[in-house]
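Undergrad: Residue strings, one per chain:
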Amino acid sequence: NAGVTQTPKFRVLKTGQSMTLLCAQDMNHEYMYWYRQDPGMGLRLIHYSVGEGTTAKGEVPDGYNVSRLKKQNFLLGLESAAPSQTSVYFCASSYQLGQAARRLAKNIQYFGAGTRLSVL
Amino acid sequence: SQQGEEDPQALSIQEGENATMNCSYKTSINNLQWYRQNSGRGLVHLILIRSNEREKHSGRLRVTLDTSKKSSSLLITASRAADTASYFCATPPPGGTSYGKLTFGQGTILTVHP
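Protein chains in written order, with our numbering: chain A, 1 to 120; chain B, 1 to 114.
Simulated from the structure, these hints should not be mistaken for laboratory data. Glycine included, C-beta positions come from ideal geometry on N, C-alpha and C.
In silico lysine-lysine, DSBU-like type, Cα no more than 35 Å apart, as pairs:
#1 K9(A) to K57(A)
#2 K70(B) to K26(B)
#3 K57(A) to K26(B)
#4 K69(B) to K57(A)
#5 K56(B) to K57(A)
#6 K69(B) to K56(B)
#7 K70(B) to K57(A)
#8 K71(A) to K26(B)
#9 K9(A) to K70(A)
#10 K70(B) to K56(B)
#11 K14(A) to K71(A)
#12 K57(A) to K70(A)
#13 K14(A) to K70(A)
#14 K56(B) to K26(B)
#15 K57(A) to K14(A)
Among the chain B residues that face chain A by a calculated CB cut under 7 Å, a handful are:
#16 R41
#17 G42
#18 L43
#19 H45
#20 Y99
#21 G100
#22 F104
#23 G105
#24 Q106
Based on the sequences and whatever the hints tell you, model everything.
TA: See below:
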């Protein structure tokens, strides 16, 4: 049981290049999230998905696109990388909550190990 | 915008001492969570406390929640060098646990010296 796996672990891009970060989870979770972590900023939500085929914008979605073609995978794309996108990216997943569970507040998230991206 | 804010930003203690970290938040919540992040790793869930709970224990961890002050504290007793990490509080967005989303604070960096 690997949990949440992110690839690659490290990447260096030149400004204007594109890349895709892959997140895979083996816990059959419905919900998946992409965050970026910058010094002094905590974690900020980029995009999230509430199920296969669905995506939604988070707090800082500009410059990123996502896809959830399969329930276990959540891809984060940078079409034209900019130095401001230099960051550590984390993927997370969590269970879908029924109404009763939501009231009981079981929204724990499980994180991958992160991808460190530098854009030069 | 940040919902939770941790205090202090950094904490340095000796092994065996207790470490206390605080989190303040702005809007009403139905739960608050604490996560730990070791250097170069992802976040790991530590403990969840519901809005109708005032205190919760898990091993050497003790979490308190004061909804009237919109604040929570995480106490690590008898700290060990292995407790060195960043600690984050996290809360659901206003209005409830919308699709499991959480808003994370900026974290407290804890260093425990052997």
